[in-house]
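Taking the hints as your guide, dock the two standalone chains into a single complex.
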Amino acid sequence: MLPERRIAAHHFEALGTSCSLFAVDESGIDLRQSEPWVRALGARLTRFDDSSELSRLNTGPGRWTSISPELEDVLRTSLRAFELSAGLVNIAVLPAMLAIGYTRPLVHGPTASAPVAIDVPDLPDVLEVRYREARLRPGCALDLGGIAKGWMADRLSESLGENVLVNLGGDLRARGVGPAGQGWPVGLGGTTVLLGDHGAATSSVRRRRWAGDMHHVIDPRTGRPSESGLVEVSVVAATALDAEVVAKTALIAGPELAPFLCAAHAEAWWLL
Amino acid sequence: MRDSRALVLKLAATALAVGATALSAVFVTSHLKNANAPLQPSVLNASDLSGLSVPGGGTLILSPSVRQTDVPPVTSTYAS
Numbered sequence: 001m002l003p004e005r006r007i008a009a010h011h012f013e014a015l016g017t018s019c020s021l022f023a024v025d026e027s028g029i030d031l032r033q034s035e036p037w038v039r040a041l042g043a044r045l046t047r048f049d050d051s052s053e054l055s056r057l058n059t060g061p062g063r064w065t066s067i068s069p070e071l072e073d074v075l076r077t078s079l080r081a082f083e084l085s086a087g088l089v090n091i092a093v094l095p096a097m098l099a100i101g102y103t104r105p106l107v108h109g110p111t112a113s114a115p116v117a118i119d120v121p122d123l124p125d126v127l128e129v130r131y132r133e134a135r136l137r138p139g140c141a142l143d144l145g146g147i148a149k150g151w152m153a154d155r156l157s158e159s160l161g162e163n164v165l166v167n168l169g170g171d172l173r174a175r176g177v178g179p180a181g182q183g184w185p186v187g188l189g190g191t192t193v194l195l196g197d198h199g200a201a202t203s204s205v206r207r208r209r210w211a212g213d214m215h216h217v218i219d220p221r222t223g224r225p226s227e228s229g230l231v232e233v234s235v236v237a238a239t240a241l242d243a244e245v246v247a248k249t250a251l252i253a254g255p256e257l258a259p260f261l262c263a264a265h266a267e268a269w270w271l272l
Numbered sequence: 273m274r275d276s277r278a279l280v281l282k283l284a285a286t287a288l289a290v291g292a293t294a295l296s297a298v299f300v301t302s303h304l305k306n307a308n309a310p311l312q313p314s315v316l317n318a319s320d321l322s323g324l325s326v327p328g329g330g331t332l333i334l335s336p337s338v339r340q341t342d343v344p345p346v347t348s349t350y351a352s
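Going down the list, the sequences are from chains A and B. The opening position of the first sequence corresponds to residue 1 in my numbering, with each subsequent residue numbered one higher. The opening position of the second sequence corresponds to residue 273 in my numbering, with each subsequent residue numbered one higher.
One chain only, chain B, in its complex shape (with noise of 0.2 Å):
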């Protein structure tokens, strides 16, 4: 009786941590990319990272939360 009862607990411990390893793979597997992670460079949601043309040459990349205006600028950022 106590034997078999052993056995129940190793096979049930067996079974969830087997279970668990198939479950995390899965989790891990369906989320490696999450667009809504924290770290995700903002950059990457840019909607043209080929870069744009601007009067002074060069290649500006702006994300979504930069946005161009035609309002003149009250300063600039130079040489510094």
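Next comes chain A alone, as it looks inside the complex (with noise of 0.2 Å):
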């Protein structure tokens, strides 16, 4: 066990969210740097800014708009996640988002809620990639939510450096030995882990509710919020990303399911 360093820490708001990112503190990292890249890359890809390149996309006609090398890794990155959760996971949930009511930023309160489940389509069939251009089925829209941000936490640890723990708003991604050489330590489901070249990540029904039984995880086979039994699951991963996809999946897919799905692709999880 090598003496503990001390951790250089930088706390902001972004993504509608807390972010965090730590270094050793003689790493000589300058934190403060990234938090334009958060912030300028969180907004373009939100989906509450009307003139942000999501949302061009979002409302576009239908035919192939251009698109920045970020938001297409992103999309390539959606689609692979939708293969990968056979289906759970699927950012084209967002009409079904908006018919609950989730039309802005929870802060601002939630909207009235239509009383019918919308179909969401399956990604694959209404959403096309190709270099630099993507193409969305007119009627469509995405929301990158939990996706953006697993896959922004990843690349930003990957800038930052060998030592390093990036939190942007519950997903994680840690790097290196930590300030004492076992990891870096951090919460998950009441407890603290060790987390070395780890992505962790929590998706959960506990949070953004409202009007009872209504919540942000939409189950793609219904159109509804999610009622699978399980209301929280966390997971550590390869990476954020990864952690994300299978904490998700894991959460929509029930109880039963999940142990299986969570042995297959985590190195650890918690379920509640």
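Calculated from the structure, these hints are not laboratory results. Every value quoted in this text rests on a predicted model; they were computed, and no experiment measured them. Among the clues, some could well be false.
[Stated by the list, open to error] Only part of the chain B face toward chain A is listed, based on derived beta-carbon distances under 10 Å: (1) Val280; (2) Leu334; (3) Asp342; (4) Pro345; (5) Thr349.
[Claimed, not checked] Just so you have them, the derived chain B footprint on chain A, three or more residues with Cβ under 8 Å: (6) 21–28; (7) 50–62; (8) 158–171; (9) 194–205; (10) 231–241.
Every residue, glycine too, gets a C-beta built ideally from N, C-alpha and C.
In structure tokens, the structure reads:
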């Protein structure tokens, strides 16, 4: 065990949530320099700003639209997540989210919800991606949500250095041996675990709830908030993105399938 | 002479094919599970698959690559 080294930290609000960056103090990494990158990319990938790059794709006429390399990568990642999760992680749930009243950041409160469920299309049926361009079927809309946060946490940790910890609204990516050589101590599922080169994420229906049974995790099979029997899943996996996808898939899949799913794809998990 | 040579060649080829088949069958059956295979879920080596009890309730499973600690966390994962 190495002698404990001081940790440099930088905390800020972005992506509609709290973000924290950590590095061992003597690494010389200026964590503050990463904040503008998070803010700028978040502004391009949000659905809550009509002028964002994502909103332009969402409201486009269904023709091929020029997109940035970052959005292209996130969209390709989302298509892979759809396949890996057998369709349970589907960024095409935005119309269903709007229908239940999640039309704006919940800090401003939900709006009225529609009584009927919205059919959620299979993502590969409505989204096509090619080099620097994407095409989305008219009437469909995407919410990048946790996928974008996990993707950003992975990219940011790679650019920051060899011994860092990135937390973007609960999507974590750790690299290196941490401050004492044993890993980065991170709270997960009511306990503390040491993360090495790992990602971690929690998917939950205990937060972002309103009107009794409404919450933000949509089951694409029903178009309504998930009622799987699980209320929270935390996962440690190889990357933040992997952890995010596995956690959400397990949460929606429910208590019977979740242990098998996590055993196949996770390094550690907590089911509630 | 030519017939006998062809026959020998056929017998040799047949013996080679049968031998290779038998050897591969033996190899495959003895390697159905390779504990060192990289795609084995690491959680299969977890010491306690029944899970650990944690203060918040629920079931926590840890593979050998992830350890619990008493060190205060620097941050936590929460609902995303």
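Evaluation of the provided hints:
1. At a threshold of 10 Å, the smallest CB-CB gap from valine 280 of chain B to chain A is about 52 Å, leaving the interface hint violated.
2. Against a cut-off of 10 Å between C-beta atoms, the interface hint on leucine 334 of chain B holds, since the closest Cβ of chain A lies about 5 Å away.
3. With 10 Å as the threshold, the beta carbon of aspartate 342 of chain B comes within range of chain A, its nearest partner Cβ sitting at about 7 Å, so the hint holds.
4. A hinted interface residue such as proline 345 of chain B counts as satisfied when its beta carbon comes closer than 10 Å to some beta carbon of chain A; here the least separation is about 4 Å, so the hint holds.
5. This hint holds: threonine 349 of chain B has a C-beta 5 Å from the nearest C-beta of chain A, less than the 10 Å allowed.
6. Under a criterion of three residues with beta carbons nearer than 8 Å to beta carbons of chain B, the stated coverage of the segment 21–28 of chain A fails, only 1 such residues being counted.
7. With 0 residues having a beta carbon nearer than 8 Å to a beta carbon of chain B, the segment 50–62 of chain A misses the requirement of three or more and the stated coverage is violated.
8. With a cut-off of 8 Å between beta carbons, the segment 158–171 of chain A has 5 residues touching chain B; three or more are needed, and the interface restraint holds.
9. Three residues within the 8 Å Cβ limit are the bar, and the segment 194–205 of chain A against chain B gives 9, so the coverage statement holds.
10. Counting residues of the segment 231–241 of chain A whose CB lies closer than 8 Å to any CB of chain B gives 3, which reaches the minimum of 3, so the coverage claim holds.
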